[in-house]
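Kindly generate the complete structure, drawing on both the sequences and the hints.
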Amino acid sequence: MQGLLAKWDILCTSSAVLRFVDANLRGIGQVMFQDNPLTGLLFLIAIAWGSYAAGVPHVAIAGVVAVIIATLTAYWLRLDPASIAAGLYGYNGVLVGLALATFLAPGTLLWGYVVLGAAVSVVATCGIANALKPWGASALTFPFVVVTWLLLLASYGFSGLMGTALPTGSVVVPFQAYEASPLQVIDLVGGTLLSISQVFLKASGLAALIFLIGLAVNSLASAVFALGGAILAVLTAHLLGAESSLITGGLLGFSPVLTAIALGTVLYRPSGRAAMYAAVGTVFTVIAQSALNVALMPLAIPALTAPFVLVTWLFFLPRSSVESSSSTVPGAIDASPP
Amino acid sequence: MQGLLAKWDILCTSSAVLRFVDANLRGIGQVMFQDNPLTGLLFLIAIAWGSYAAGVPHVAIAGVVAVIIATLTAYWLRLDPASIAAGLYGYNGVLVGLALATFLAPGTLLWGYVVLGAAVSVVATCGIANALKPWGASALTFPFVVVTWLLLLASYGFSGLMGTALPTGSVVVPFQAYEASPLQVIDLVGGTLLSISQVFLKASGLAALIFLIGLAVNSLASAVFALGGAILAVLTAHLLGAESSLITGGLLGFSPVLTAIALGTVLYRPSGRAAMYAAVGTVFTVIAQSALNVALMPLAIPALTAPFVLVTWLFFLPRSSVESSSSTVPGAIDASPP
Amino acid sequence: MQGLLAKWDILCTSSAVLRFVDANLRGIGQVMFQDNPLTGLLFLIAIAWGSYAAGVPHVAIAGVVAVIIATLTAYWLRLDPASIAAGLYGYNGVLVGLALATFLAPGTLLWGYVVLGAAVSVVATCGIANALKPWGASALTFPFVVVTWLLLLASYGFSGLMGTALPTGSVVVPFQAYEASPLQVIDLVGGTLLSISQVFLKASGLAALIFLIGLAVNSLASAVFALGGAILAVLTAHLLGAESSLITGGLLGFSPVLTAIALGTVLYRPSGRAAMYAAVGTVFTVIAQSALNVALMPLAIPALTAPFVLVTWLFFLPRSSVESSSSTVPGAIDASPP
Numbered sequence: 030m031q032g033l034l035a036k037w038d039i040l041c042t043s044s045a046v047l048r049f050v051d052a053n054l055r056g057i058g059q060v061m062f063q064d065n066p067l068t069g070l071l072f073l074i075a076i077a078w079g080s081y082a083a084g085v086p087h088v089a090i091a092g093v094v095a096v097i098i099a100t101l102t103a104y105w106l107r108l109d110p111a112s113i114a115a116g117l118y119g120y121n122g123v124l125v126g127l128a129l130a131t132f133l134a135p136g137t138l139l140w141g142y143v144v145l146g147a148a149v150s151v152v153a154t155c156g157i158a159n160a161l162k163p164w165g166a167s168a169l170t171f172p173f174v175v176v177t178w179l180l181l182l183a184s185y186g187f188s189g190l191m192g193t194a195l196p197t198g199s200v201v202v203p204f205q206a207y208e209a210s211p212l213q214v215i216d217l218v219g220g221t222l223l224s225i226s227q228v229f230l231k232a233s234g235l236a237a238l239i240f241l242i243g244l245a246v247n248s249l250a251s252a253v254f255a256l257g258g259a260i261l262a263v264l265t266a267h268l269l270g271a272e273s274s275l276i277t278g279g280l281l282g283f284s285p286v287l288t289a290i291a292l293g294t295v296l297y298r299p300s301g302r303a304a305m306y307a308a309v310g311t312v313f314t315v316i317a318q319s320a321l322n323v324a325l326m327p328l329a330i331p332a333l334t335a336p337f338v339l340v341t342w343l344f345f346l347p348r349s350s351v352e353s354s355s356s357t358v359p360g361a362i363d364a365s366p367p
Numbered sequence: 030m031q032g033l034l035a036k037w038d039i040l041c042t043s044s045a046v047l048r049f050v051d052a053n054l055r056g057i058g059q060v061m062f063q064d065n066p067l068t069g070l071l072f073l074i075a076i077a078w079g080s081y082a083a084g085v086p087h088v089a090i091a092g093v094v095a096v097i098i099a100t101l102t103a104y105w106l107r108l109d110p111a112s113i114a115a116g117l118y119g120y121n122g123v124l125v126g127l128a129l130a131t132f133l134a135p136g137t138l139l140w141g142y143v144v145l146g147a148a149v150s151v152v153a154t155c156g157i158a159n160a161l162k163p164w165g166a167s168a169l170t171f172p173f174v175v176v177t178w179l180l181l182l183a184s185y186g187f188s189g190l191m192g193t194a195l196p197t198g199s200v201v202v203p204f205q206a207y208e209a210s211p212l213q214v215i216d217l218v219g220g221t222l223l224s225i226s227q228v229f230l231k232a233s234g235l236a237a238l239i240f241l242i243g244l245a246v247n248s249l250a251s252a253v254f255a256l257g258g259a260i261l262a263v264l265t266a267h268l269l270g271a272e273s274s275l276i277t278g279g280l281l282g283f284s285p286v287l288t289a290i291a292l293g294t295v296l297y298r299p300s301g302r303a304a305m306y307a308a309v310g311t312v313f314t315v316i317a318q319s320a321l322n323v324a325l326m327p328l329a330i331p332a333l334t335a336p337f338v339l340v341t342w343l344f345f346l347p348r349s350s351v352e353s354s355s356s357t358v359p360g361a362i363d364a365s366p367p
Numbered sequence: 030m031q032g033l034l035a036k037w038d039i040l041c042t043s044s045a046v047l048r049f050v051d052a053n054l055r056g057i058g059q060v061m062f063q064d065n066p067l068t069g070l071l072f073l074i075a076i077a078w079g080s081y082a083a084g085v086p087h088v089a090i091a092g093v094v095a096v097i098i099a100t101l102t103a104y105w106l107r108l109d110p111a112s113i114a115a116g117l118y119g120y121n122g123v124l125v126g127l128a129l130a131t132f133l134a135p136g137t138l139l140w141g142y143v144v145l146g147a148a149v150s151v152v153a154t155c156g157i158a159n160a161l162k163p164w165g166a167s168a169l170t171f172p173f174v175v176v177t178w179l180l181l182l183a184s185y186g187f188s189g190l191m192g193t194a195l196p197t198g199s200v201v202v203p204f205q206a207y208e209a210s211p212l213q214v215i216d217l218v219g220g221t222l223l224s225i226s227q228v229f230l231k232a233s234g235l236a237a238l239i240f241l242i243g244l245a246v247n248s249l250a251s252a253v254f255a256l257g258g259a260i261l262a263v264l265t266a267h268l269l270g271a272e273s274s275l276i277t278g279g280l281l282g283f284s285p286v287l288t289a290i291a292l293g294t295v296l297y298r299p300s301g302r303a304a305m306y307a308a309v310g311t312v313f314t315v316i317a318q319s320a321l322n323v324a325l326m327p328l329a330i331p332a333l334t335a336p337f338v339l340v341t342w343l344f345f346l347p348r349s350s351v352e353s354s355s356s357t358v359p360g361a362i363d364a365s366p367p
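Chains as they are written, first to last, in my numbering: chain A, 30 to 367; chain B, 30 to 367; chain C, 30 to 367.
No wet-lab data here; the hints were simulated from the structure. Take these hints with a grain of salt, some might be off.
Since the list gives no way to pick out one identical chain from another, each pair is judged satisfied if it fits inside one copy or across any two copies.
Claimed, not checked - Derived pair list, reagent style SDA-like, types lysine to any residue, alpha-carbon separation capped at 20 Å: (1) Lys162 - Ser349; (2) Lys36 - Asn159; (3) Lys36 - Val46; (4) Lys36 - Ile260.
So this is what it looks like as structure tokens:
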């Protein structure tokens, strides 16, 4: 694997086109914090399969178009070349493209929306990263969330853009007890896998496995935390009595998966206490996901990965005050994930 | 009184258990900015009485459990010992415990919620305090507000947690004129007292008097500003034509009480101009309380002390620009209340 | 023109009253970033005409009262004299006054609301400006937005303040196709002009022309960008299929007009790339305006200029990272508009 990547790196040095491809693949990988073109390629395959299997191949195309537009926009704005090459200006773009094509009906204006959204996601990524510099925090997927929320909300005011999969608006009402068919182990396994694939808005077990392989080729720890986060999220949601279809569809687990990777492998040096801390954060992300699902009911838009962003920032900010994380191996702390 | 406290301090130096009790009592006192274990004890008595009188003794227990969990969490995270000892990691916890037990039905999961919420309140307190460092502002009760909002909102998605006292969801509608029985002086007195006890989510005149005594034993000025803030809030709300039951129940006054103490005695050096400034802030907090009550109607959650936090931050931020507050007695300015 | 202004400046040096008038006129001009008393006077004439023509002369009076109260408050708080003289503490006040009188019914309490709102707008302007210092960003009209939102929301809880022109509350629903009478050129011209006058909450073509003249006497570039921004906004909204009455009423264009001036002439040194950047920001402000109109439906309050503030901040923050804007003519960059 390392040999393959080394060869690819050599190829890239000799070709601007390949370097451009490389930056875009890394951008897809960075959705899950992986700065690795092979990971990005595997993620792309999983996205393509998930879209094809669901009968919406144009969603995968929108994701590809969006990441390309985002990278080109970053070049045009003459942003930091190293960051562009690492895909740090691409991962929000790919998510914007996937989300817009998932929630809105196909049509000419949808593609205009994808291009505009991808371009603005770069401005937002750069702007939010600059805004967060005083705290050493990273933008995470907040640029994706903000830009997509605005574009989806705005679509309710435009006859040219119609929703296909947007939630229905409603004021908040007490929980409606569903005919609670008890969850089977098979449902929990399914919920765990879909929690991983839903990071990319896909509901496919096979895609989830490819995502896990993509993580593992770059970072085994990331794959382990992703899987562990998904299991923890599904169990937490089940314990609290969440709606079965949300659990088995992975819709309460995709944000916790990202929190688990971020807090477990990227932000804090691994240790028993850090793992416990990440676990609390992961559990609380399930709460935050449910909370934002509820809070956005009147607005008829999805929460996207906002719960992940919110909880990860909240659990990241105490970093300088949590003693041992800085007192033992200072050099091991990396404050600058995507 | 001072002799009693001095003896207690000596006792504490010889016992880790007493120091732990001391930290938790101070945590309860810090809800109203008082770093004093006797104040905390009086507040605790008032909370217990208010809960017992309302037939919900488990609410007081939830508050105690929450402050203990919060203090333990702060130890576990190895946060600054002086801040822990001063109760600065406990006051948000006690409020989380009181609020969850007030708004949600008792049950096993409620206690899990209280423990999780109290623990996360410490992460939030530390994180938000760090986030606010560039401005020298303090977290106030914002950690309590954020964590409780998320937990309450999320409960609408969980069959295991049911609301008992949560508001009903609705879009915003024009003011409904009520049969306006004119307010009597006795109502205004009641509204003033309950504005003080509602800081701890209690509707009890006797509890309010104990809270005032608790304030006075540590800071007479705080007691005066609390009472003055409550009176000003009740009169403002009455003048603007707010609903009588909200006024007499203290539900428009508890945030202004906190604003009055914060702006009047903690943040700015006392002076005529500072008192006037605090008065404007207190009046505007009544507006903000009504505004947030309205804004949260579609979400069916209470505003908690968010109006206090919002207005106090807004009125605190100009500090460095408001000339005389820094030009006359610089040493008298204390920028770091809880 | 310059001679006239020079004479006025000399007159002002000899009279505190004239200096006070000057500060207030500049405050009105600063709504569109113009530090010029003649511009302010022309804007005031346009406001007066727009109010008179619409049969609501008290709206213009509320604007004048509010800017005076704001300036007096700034004196009372002893804020930076140069900023007061440049009108930087007045522009949010005038907007608060105009908005409150536009959306609420006349009456004694309305005037109390105007005075309180104008005074608090100064606290908010100073506080928000201080909060934004780490990023070198300016408060823009965010103080106006926050204060007015709170006052309008709160009015739903007060029998003493009734709405006259507030939107009706509703959860978000899919776009209702209107009988789409195709827009005529005359409608587009009208929409363009009203996009400019709606910056001051006025629907008057004549007022729009006076506003343009007011801009031109101080900065021809500002007038060009205002007009260009309005045209671009109207075309974008039309292309996306927005409701005709919103387009022709200028209600989707006033925020983009401000974005165009801010990004085009105030924040970045003019260049082809900067113009393109400003154009993308202007187009995205139309999206943000529609999005916030939708998002605020459940709360039954107007978006005001929040879309302008949001997008301008988002497009301003990358400033230090967008290479050429700082590498070519550093001295030409001015980071401190109102």
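Hints, one by one, checked against the model:
1. Lys162 - Ser349: Cα proximity of Lys162 and Ser349: in one copy and across copies (14 Å, 12 Å).
2. Lys36 - Asn159: Result: close neither inside a copy nor across copies, 35 Å intra and 45 Å inter.
3. Lys36 - Val46: within (16 Å within a copy, 63 Å between copies)
4. Lys36 - Ile260: neither (37 Å within a copy, 52 Å between copies)
In the structure shown, a violation is registered for the earlier hints numbered 2 and 4, in ascending order.
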